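Numbered according to the numbering used here, the sequence shown spans residues 89 to 308.
Just so you know, these hints were derived from the structure itself, not from any lab. Just so you know, not all the hints are guaranteed correct.
[As the list claims (entries may be wrong)] Below 25 Å or equal to it, Euclidean Cα-Cα: the simulated BS3-like pairs (lysine-lysine) are:
no.: 1; residue 1: 218; residue 2: 121
no.: 2; residue 1: 131; residue 2: 164
no.: 3; residue 1: 128; residue 2: 255
no.: 4; residue 1: 302; residue 2: 164
[To be verified] Okay, the calculated beta carbon distance ranges per label pair:
no.: 5; residue 1: 301; residue 2: 222; range: 15 to 23 Å
no.: 6; residue 1: 227; residue 2: 290; range: 20 to 28 Å
no.: 7; residue 1: 267; residue 2: 158; range: 36 to 44 Å
no.: 8; residue 1: 117; residue 2: 195; range: 36 to 44 Å
Please read all numbers here as calculations on a predicted model, not as lab measurements. Note that beta-carbon positions come from the ideal geometry of N, C-alpha and C, so glycine has one too.
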Amino acid sequence: MKKIVAFVVLLAGINCQTAWAQLQAKQDPLAQKILDVMGKKYKTLQSYKATYSQTFQANDGKTLDEQKGEILVKGKKFNLKLNNQVLVCDGNTLWSYVRDAKELNISDYQPEEGEITPTNIYTMYQNGFKYMMIGEVKDKGKVFQVVDLEPDDRNKEILKVRLYVGKADQILHKWIIYERGTNNRQVFEITKFTANAAAPESSFSFDKKVYPVKTQTDLR
(Lines of atoms letter the chains of each structure in order from A; the text may use other names.)
(Lines give C-alpha, C1' and ligand atoms only; values in the text may rest on other atoms or scores of the structure.)
Protein backbone atom coordinates (compact mmCIF):
# COMPACT_ATOMS: atom_id res chain seq x y z
CA MET A 89 0.00 0.00 0.00
CA LYS A 90 2.83 2.46 0.66
CA LYS A 91 3.69 2.39 -3.04
CA ILE A 92 0.11 3.11 -3.88
CA VAL A 93 0.10 6.14 -2.19
CA ALA A 94 3.26 7.09 -2.24
CA PHE A 95 0.49 8.43 -4.59
CA VAL A 96 -1.40 10.20 -4.48
CA VAL A 97 -1.29 10.48 -3.17
CA LEU A 98 -3.84 13.17 -1.80
CA LEU A 99 -5.68 11.45 1.15
CA ALA A 100 -8.98 9.34 7.49
CA GLY A 101 -11.80 10.48 9.34
CA ILE A 102 -11.88 11.65 12.95
CA ASN A 103 -11.41 8.65 15.24
CA CYS A 104 -12.06 10.56 18.41
CA GLN A 105 -13.90 13.87 18.64
CA THR A 106 -12.45 14.70 22.06
CA ALA A 107 -8.86 14.10 20.99
CA TRP A 108 -9.49 16.12 17.84
CA ALA A 109 -10.85 19.05 19.86
CA GLN A 110 -7.75 18.99 22.07
CA LEU A 111 -5.48 18.86 19.03
CA GLN A 112 -7.18 21.81 17.36
CA ALA A 113 -5.94 24.19 20.04
CA LYS A 114 -2.34 23.44 19.06
CA GLN A 115 -2.84 23.96 15.34
CA ASP A 116 -2.46 26.96 13.05
CA PRO A 117 -6.03 28.35 12.82
CA LEU A 118 -5.50 29.83 9.35
CA ALA A 119 -4.21 26.52 8.02
CA GLN A 120 -7.10 24.72 9.70
CA LYS A 121 -9.64 26.99 8.02
CA ILE A 122 -8.13 26.30 4.58
CA LEU A 123 -8.03 22.55 5.20
CA ASP A 124 -11.57 22.43 6.60
CA VAL A 125 -12.95 24.26 3.57
CA MET A 126 -11.06 21.92 1.26
CA GLY A 127 -12.29 18.84 3.13
CA LYS A 128 -15.90 20.02 2.99
CA LYS A 129 -15.56 20.69 -0.74
CA TYR A 130 -14.48 17.10 -1.42
CA LYS A 131 -17.13 15.65 0.88
CA THR A 132 -19.86 17.29 -1.22
CA LEU A 133 -18.66 15.36 -4.27
CA GLN A 134 -20.27 12.04 -5.12
CA SER A 135 -17.09 11.10 -6.96
CA TYR A 136 -14.14 12.66 -8.73
CA LYS A 137 -11.64 11.80 -11.44
CA ALA A 138 -8.16 13.20 -11.82
CA THR A 139 -5.17 12.80 -14.08
CA TYR A 140 -1.85 13.70 -12.55
CA SER A 141 1.91 13.59 -12.86
CA GLN A 142 4.17 12.02 -10.24
CA THR A 143 7.82 13.03 -10.09
CA PHE A 144 10.47 11.49 -7.85
CA GLN A 145 13.17 14.00 -6.92
CA ALA A 146 16.47 13.79 -5.04
CA ASN A 147 17.13 16.30 -2.26
CA ASP A 148 18.97 18.51 -4.75
CA GLY A 149 15.87 18.72 -6.95
CA LYS A 150 17.20 16.34 -9.61
CA THR A 151 14.47 14.20 -11.20
CA LEU A 152 15.02 10.49 -10.57
CA ASP A 153 11.85 9.14 -12.17
CA GLU A 154 8.44 10.29 -13.30
CA GLN A 155 5.16 8.79 -14.37
CA LYS A 156 1.58 9.76 -15.09
CA GLY A 157 -1.55 8.42 -13.47
CA GLU A 158 -5.32 8.56 -13.56
CA ILE A 159 -7.59 7.96 -10.61
CA LEU A 160 -11.34 7.63 -10.09
CA VAL A 161 -12.57 7.92 -6.50
CA LYS A 162 -16.00 7.28 -5.00
CA GLY A 163 -16.17 7.17 -1.20
CA LYS A 164 -13.69 4.49 -0.07
CA LYS A 165 -13.50 2.98 -3.55
CA PHE A 166 -10.91 3.85 -6.16
CA ASN A 167 -9.48 2.85 -9.51
CA LEU A 168 -5.88 3.96 -10.03
CA LYS A 169 -4.02 3.51 -13.31
CA LEU A 170 -0.26 4.02 -13.46
CA ASN A 171 2.27 3.42 -16.22
CA ASN A 172 2.70 -0.29 -15.52
CA GLN A 173 0.27 -0.90 -12.69
CA VAL A 174 -3.46 -0.85 -12.06
CA LEU A 175 -4.94 -0.71 -8.56
CA VAL A 176 -8.63 -1.36 -8.08
CA CYS A 177 -10.38 -1.21 -4.71
CA ASP A 178 -14.04 -1.70 -3.79
CA GLY A 179 -13.45 -0.50 -0.24
CA ASN A 180 -12.78 -4.01 1.08
CA THR A 181 -10.64 -5.81 -1.50
CA LEU A 182 -7.60 -4.48 -3.33
CA TRP A 183 -6.56 -5.82 -6.74
CA SER A 184 -2.99 -4.92 -7.75
CA TYR A 185 -2.13 -5.69 -11.37
CA VAL A 186 1.25 -5.41 -13.11
CA ARG A 187 0.66 -4.87 -16.82
CA ASP A 188 3.86 -6.21 -18.39
CA ALA A 189 3.98 -9.36 -16.23
CA LYS A 190 0.19 -9.86 -16.32
CA GLU A 191 0.48 -10.50 -12.59
CA LEU A 192 -2.45 -10.01 -10.21
CA ASN A 193 -2.28 -9.84 -6.41
CA ILE A 194 -5.50 -9.80 -4.39
CA SER A 195 -5.53 -8.68 -0.76
CA ASP A 196 -7.78 -7.24 1.91
CA TYR A 197 -7.69 -3.46 1.82
CA GLN A 198 -6.31 -2.45 5.19
CA PRO A 199 -4.41 0.85 5.01
CA GLU A 200 -2.18 1.54 7.98
CA GLU A 201 -3.08 4.29 10.41
CA GLY A 202 -1.69 7.58 9.18
CA GLU A 203 -1.01 6.22 5.71
CA ILE A 204 -1.76 8.49 2.78
CA THR A 205 -4.26 6.80 0.48
CA PRO A 206 -6.19 7.85 -2.63
CA THR A 207 -9.31 8.31 -0.54
CA ASN A 208 -7.98 10.28 2.43
CA ILE A 209 -5.52 12.81 1.06
CA TYR A 210 -7.98 15.66 1.68
CA THR A 211 -8.86 14.66 5.28
CA MET A 212 -5.61 13.13 6.54
CA TYR A 213 -4.77 16.31 8.44
CA GLN A 214 -7.54 15.54 10.93
CA ASN A 215 -5.65 12.74 12.63
CA GLY A 216 -1.98 12.46 13.54
CA PHE A 217 -0.67 15.62 11.86
CA LYS A 218 0.29 19.13 12.86
CA TYR A 219 -0.33 21.77 10.21
CA MET A 220 0.91 25.25 9.43
CA MET A 221 0.13 27.90 6.82
CA ILE A 222 3.24 28.64 4.75
CA GLY A 223 1.84 31.37 2.52
CA GLU A 224 0.43 31.92 -0.96
CA VAL A 225 2.07 31.38 -4.33
CA LYS A 226 0.93 32.24 -7.82
CA ASP A 227 1.49 29.90 -10.74
CA LYS A 228 0.01 29.96 -14.24
CA GLY A 229 -2.40 32.69 -13.25
CA LYS A 230 -3.78 30.82 -10.22
CA VAL A 231 -3.24 31.53 -6.53
CA PHE A 232 -2.49 28.57 -4.26
CA GLN A 233 -2.58 28.48 -0.48
CA VAL A 234 0.36 26.42 0.79
CA VAL A 235 0.01 24.35 3.96
CA ASP A 236 2.55 21.99 5.53
CA LEU A 237 1.49 18.83 7.37
CA GLU A 238 3.95 17.15 9.75
CA PRO A 239 3.21 13.76 11.36
CA ASP A 240 3.06 13.66 15.16
CA ASP A 241 4.94 10.35 15.00
CA ARG A 242 8.58 11.24 14.33
CA ASN A 243 9.32 7.61 13.42
CA LYS A 244 7.26 7.76 10.26
CA GLU A 245 9.03 7.71 6.90
CA ILE A 246 7.29 10.94 5.91
CA LEU A 247 8.94 14.13 7.14
CA LYS A 248 6.14 16.38 5.89
CA VAL A 249 3.51 16.82 3.19
CA ARG A 250 3.18 20.21 1.50
CA LEU A 251 -0.29 20.90 0.07
CA TYR A 252 -1.15 23.45 -2.62
CA VAL A 253 -4.85 24.31 -2.39
CA GLY A 254 -6.53 26.47 -5.02
CA LYS A 255 -7.69 29.70 -3.37
CA ALA A 256 -10.56 30.08 -5.83
CA ASP A 257 -11.81 26.49 -6.07
CA GLN A 258 -10.62 24.88 -2.78
CA ILE A 259 -9.30 21.90 -4.76
CA LEU A 260 -5.99 20.22 -3.98
CA HIS A 261 -3.89 20.86 -7.09
CA LYS A 262 -0.46 19.72 -5.95
CA TRP A 263 1.27 18.05 -3.04
CA ILE A 264 4.85 17.15 -2.19
CA ILE A 265 5.78 14.27 0.10
CA TYR A 266 9.19 14.72 1.77
CA GLU A 267 11.05 11.62 2.95
CA ARG A 268 12.55 11.70 6.43
CA GLY A 269 16.32 11.39 6.58
CA THR A 270 17.04 11.87 2.87
CA ASN A 271 14.71 14.79 2.06
CA ASN A 272 13.99 13.05 -1.24
CA ARG A 273 10.51 13.91 -2.39
CA GLN A 274 7.57 12.87 -4.52
CA VAL A 275 5.73 15.64 -6.32
CA PHE A 276 2.14 15.05 -7.40
CA GLU A 277 0.45 17.60 -9.64
CA ILE A 278 -3.14 17.42 -10.89
CA THR A 279 -3.37 18.11 -14.62
CA LYS A 280 -7.12 17.58 -14.96
CA PHE A 281 -9.87 17.32 -12.35
CA THR A 282 -13.49 16.30 -12.93
CA ALA A 283 -15.97 16.66 -10.07
CA ASN A 284 -18.83 14.15 -9.84
CA ALA A 285 -17.38 12.08 -12.67
CA ALA A 286 -19.23 9.01 -13.92
CA ALA A 287 -18.30 6.20 -11.53
CA PRO A 288 -20.18 2.96 -12.26
CA GLU A 289 -19.68 0.14 -9.75
CA SER A 290 -17.93 -1.88 -12.44
CA SER A 291 -15.05 0.61 -12.19
CA PHE A 292 -14.24 -0.72 -8.72
CA SER A 293 -14.13 -4.41 -9.57
CA PHE A 294 -11.21 -6.03 -11.38
CA ASP A 295 -12.08 -7.17 -14.92
CA LYS A 296 -9.91 -9.98 -16.29
CA LYS A 297 -11.33 -9.40 -19.76
CA VAL A 298 -9.73 -5.98 -19.78
CA TYR A 299 -6.55 -7.06 -17.98
CA PRO A 300 -5.56 -10.64 -18.88
CA VAL A 301 -3.94 -12.50 -15.98
CA LYS A 302 -1.01 -14.89 -16.29
CA THR A 303 -0.20 -15.26 -12.59
CA GLN A 304 -2.63 -14.70 -9.71
CA THR A 305 -1.87 -14.65 -5.98
CA ASP A 306 -4.66 -14.38 -3.42
CA LEU A 307 -3.29 -13.03 -0.13
CA ARG A 308 -6.59 -12.80 1.71
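Hint numbers the structure violates, sorted upward?
4, 5, 6, 7
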